[in-house]
Every structure is written in C-alpha cells, then in structure tokens.
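Asker: Residue numbers (the numbering used here), protein chains in the order written: chain A, 1 to 254; chain B, 1001 to 1254.
Check each hint, because a few of them may be wrong.
Unchecked claim - Here are some chain A residues the structure puts well away from chain B; computed CB gaps all over 10 Å:
1) Lys27
2) Glu67
3) Leu114
4) Thr181
What the hints assert, rightly or not - If we take Cβ atoms under 7 Å as the criterion, some of the chain B residues that face chain A in the derived model are:
5) Pro1004
6) Phe1168
7) Met1183
8) Arg1184
9) Val1192
10) Arg1196
11) Pro1205
12) Ile1207
13) Gln1240
14) Tyr1242
15) Asn1243
16) Leu1252
It is worth saying that the hints were derived from the structure and are not from the lab. Even glycine gets a Cβ: it sits at the ideal position worked out from N, Cα and C.
Number of protein chains: 2
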Amino acid sequence: MKRPNIIGIIGGTGRMGQWFKAFFEKKGYEVLISSRHTQLSSKELAQKSDVVIISVPIRVTVEIIKEVGPYISQEALLMDITSLKKAPVEAMLKYSHSEVIGAHPLFGPSINNLNAQTIILCPARGDTWMPWLKEVFKEAHLEITTPEKHDQIMAVIQALTHFFLLAFGTTLKEIPFSIGTLMRYSTTNFQVILERVLNLNNQNPDIYASIQFDNSFYYEQVFPSCWKALERLKKIIQDQDYNDFIHLFSELPK
Amino acid sequence: MKRPNIIGIIGGTGRMGQWFKAFFEKKGYEVLISSRHTQLSSKELAQKSDVVIISVPIRVTVEIIKEVGPYISQEALLMDITSLKKAPVEAMLKYSHSEVIGAHPLFGPSINNLNAQTIILCPARGDTWMPWLKEVFKEAHLEITTPEKHDQIMAVIQALTHFFLLAFGTTLKEIPFSIGTLMRYSTTNFQVILERVLNLNNQNPDIYASIQFDNSFYYEQVFPSCWKALERLKKIIQDQDYNDFIHLFSELPK
C-alpha cells in the first residue's frame, strides 16, 4: 500500500487544518502546513507533499486549487475537505494532473477522535491512494460516492436541515418569551431542536452560507419541495382542515 | 393536607387514563374509571370521587365537562389533562362548583415514572388541593401558571415545534432518497430531527391537530412570525444575499 512521506495541509492554520495536522502527526506522519501566516508557500508545500489537503475557506477553495494544482506531482493525491464536492472536484481535475479524491468530513474541529464520525469520499482520478485513506480513517464510518450524489444528499442532510434550524431560531427571536422561560416548559421535541439551534452559534457562518447558496440540487429541487410542504401545511392551518392534517400526519416517513 | 379517598378518571380506559390509574394505584389510592366501555357512568363517578380527572379525547373534553360538572361536589377537585388550558379551564369553572385546576402533563403514556418530566398546573378555583398535587407529583418538575400563559408558551413549545417537524417530514417524502440512504450520510443535526419526526408516528394525530388549530396565540401571533422568518430566509436563498445571511446567522438565539 502506498503511504505518504509528507502530508501537506494548505490552510493548515485554520481550525480544521489544525485538527487534521494533529490527527496525522499522532499517527506518525510528517505534516507541512501553509497559509497566509506561514513562511512556507502553498506552492512549495504542493511540490514537497505526497498528499495535499486543501483546507481553506470555502469561497477561495477553487482559486487556491487553480494556484497550486500545477505544482502537485502526478503520483500525489490532491484532496479537498469542503462541504460541497462537485465544483472543488472539477477544479482539482482541471488544474492538476495528480490523483484526486474529494472528501467531506461530516464533523467539525471540536471532536476528539473519529469514532462514530462519517467521512464521505469521492474518488475522481487514480486509485492508488484509496487503500491508505481507508486505513488512516479506519475509525470513521466511510461512505464512497460521486460528487454529484454527495451534493444531492447534502442538499437534504445539511442544507434543508440548516434551513429549518435557521427558520426556527429566527422565529424564536420574535417570540415574547426568553429562552430561559421556554426551557422551563420544554418538551423533548423542543429541547433537542433548541440545542441544535444554539449549537449554530459555534459554527462558521461562511460554510453555512455556501451550503445554502452553492448547491444547485438544493435550490432547484429540495428547497422548492420544502416550500411546497410549508405552503401545504400553512393552508391546512389557515383552513383548519382536520382531514388533510390527519392525512399529512399519516404520510410521514416511517 | 387534604387527600382524596377516591380518585375518578373519566376516559380511564384510554392510554393516558390507564397511565394515571396505575400511577395513583401504585401510590395506594383507590381509583375509579369510567368511559363508554365501563358499567360505571361518568356521572356516578363524578358523584363518588374527591378528585375527578378528565382524560377524554380533546375534541369531546368540553362536552364531557358540561355533562359531569354539575355532579361534582364543591369540595372536590376537577382537573383536566389536555394540551390546551384556556377552553377546558373556562368550561370547568362554568359547569361545576368544585375546585378547578387545569393540568398539562408534558409526556405521553410510554414513560415509566415522573422523573425529569414536567407537569404544568393552572389553578383556577380553590386552593385546598394544590398541596396534595405537589406531593403526589413530587418526582416531576411542576410549573404553575395561568391558562393564558400556558397556551401562549405551548404555542411555541408544541405548536411551532410540531409545525417544523411536520414540514420537515413532509419534505422528506418528496426527496428521491430513502430514509435508509439519508441515514448513512447523517449528521447530528439531521439525525436528531429525523428521530423526532419518526417519533410522530407513535403519537395521537388528534392531539397534534388540536395543538395546531385551537390555540389562538399560535395562529394569530406565533405562526405569522414563523412565516415571516421563513419568507425572509427564502428571499435570502433566492437572492443569494450573503450579507443578510450572515446578519441572520449572527442574530440567532444565544
């Protein structure tokens, strides 16, 4: 199995970059990092590394890939870790000659280890690095799919879910009761959703913006379906339509 | 402290009625039950009991209170356990001369004991029974408030939360991925909300319909606020308005 001598992380001073640096170092690998704050340039890092991981803010990902792609060797692996896979994988294929795998770790930098975490991998060019990735990420649950299917599924798992959490949180701001008061009267349903809303305060809004704005399957298909469901339910409430309410309730996913 | 010799549960063959019957019997009380399926009539039960608990389907609650109220003694306690408090408490005050407390246990009949559960009590006439209720429900978290405030808070805790869960569940039915596929790619956010949606299948849709339709604070104030939040977010997505998205994100409840 091919293993890297050097792993390079571009954006390695960010929180996710730091997480992966610590993760690989703990496993005994030499890790280089580059960012606007390092002396080592991203081009130098790209030339020296056997595995190049792009961990920069989502809106500069394609630009950075374009910049460093030509410097990565044909035998190396180029891998991004952004929340969408179609555009970054296309850019990695276009601007490099290296092996390409898009990755989406479904976790943030606050976790301690990979147990019970999911990483989605989208192999796009070459097949010599996958055995090593499967080994190095063996504690995680790995799903292997295409960039297209990844983005379609994330349109539901992330974009749709975030939309509901954001709408719920925004509504709570308009309500004449404090979060403290509401919590005293809380049900399990309310409590678990409120916890997820409060947790958004620890997240990077740029990533959430990209997940809402940059996924065409979301805004062309999932969001319109969601709006249709909302309008149907709005009509049921306004018409006090008991029969359609019971029908909708009976049709919920099982 | 006044304690009941006999507790009567009208609707005592239903799941919540059976739960309270077992609960009080375990504490050593004699419990009578009546329903369409018992030989004992609700009027006889009302005459014999020191505490009368109304545990019938929500849409017949006021009708049953009207029917049995006049037979309950002035010293007895009349208490309903429906999800809204304004209309049932008004009916209990109007159709009886007994002491009146509206109750809303925030749990279903599947729980084993009262630990970590909340019961909301709305005392409306008389004060001789509250000490006993506080004792008999001592394992639960009790909140004491007015029927009006209860219904306002439940417009958020229950009605708003259910609206989002129902809309989320209905949207998932329109998506070209099975629940099984989605779960393989699940995040914590998606998973906890999906669990709450799936749990709706174990619930009584009549209660959910009443929570959506019968709470004026919900459909006059909370739901319009919610729809405003949804439309704001819809516009942000359609316009890809990054600045307003970041602004909305920064304004989430803390």
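Asker: None of the hints should be skipped; say for each whether it holds.
Answerer: So, going through the hints one by one against the coordinates:
1. Every beta carbon of chain B lies more than 10 Å from that of lysine 27 of chain A, the smallest distance being close to 25 Å; the non-interface claim holds.
2. Every CB of chain B lies more than 10 Å from the CB of glutamate 67 of chain A, the least distance being 23 Å, so the non-interface label holds.
3. Even its closest Cβ contact with chain B, about 15 Å, leaves leucine 114 of chain A beyond 10 Å, as expected for a residue assigned away from the interface.
4. With a least CB separation of 7 Å from chain B, threonine 181 of chain A falls inside the 10 Å interface cut-off, contrary to its annotation.
5. A hinted interface residue such as proline 1004 of chain B counts as satisfied when its beta carbon comes closer than 7 Å to some beta carbon of chain A; here the least separation is about 27 Å, so the hint is violated.
6. For phenylalanine 1168 of chain B, the suggested interface contact is upheld, since its CB lies about 5 Å from the closest CB of chain A, less than 7 Å.
7. The interface hint given for methionine 1183 of chain B is broken, as the beta carbon of that residue sits about 9 Å from the closest beta carbon of chain A, more than 7 Å.
8. With its C-beta approaching chain A no nearer than about 6 Å, arginine 1184 of chain B sits inside the 7 Å limit, and its interface hint holds.
9. Nearest Cβ of chain A to the Cβ of valine 1192 of chain B: about 5 Å, under the 7 Å cut. The hint holds.
10. For arginine 1196 of chain B, the suggested interface contact is upheld, since its CB lies about 5 Å from the closest CB of chain A, less than 7 Å.
11. With a cut of 7 Å, the hint placing proline 1205 of chain B at the interface with chain A holds, because the nearest CB-to-CB distance is about 4 Å.
12. For isoleucine 1207 of chain B, the suggested interface contact is broken, since its CB lies about 11 Å from the closest CB of chain A, more than 7 Å.
13. A cut of 7 Å between beta carbons decides the hint on glutamine 1240 of chain B: the least distance to chain A is about 5 Å, and the hint holds.
14. Because the smallest distance between the Cβ of tyrosine 1242 of chain B and any Cβ of chain A comes to about 6 Å, under 7 Å, the interface hint for this residue holds.
15. Below 7 Å, beta-carbon pairs count as interface contacts, and asparagine 1243 of chain B has none with chain A, the closest being about 10 Å; its hint is therefore violated.
16. The restraint placing leucine 1252 of chain B at the interface with chain A holds, with a minimum CB-CB distance near 4 Å, inside the 7 Å limit.
The structure fails to meet hints 4, 5, 7, 12, 15 from the earlier list, while all remaining hints are met.
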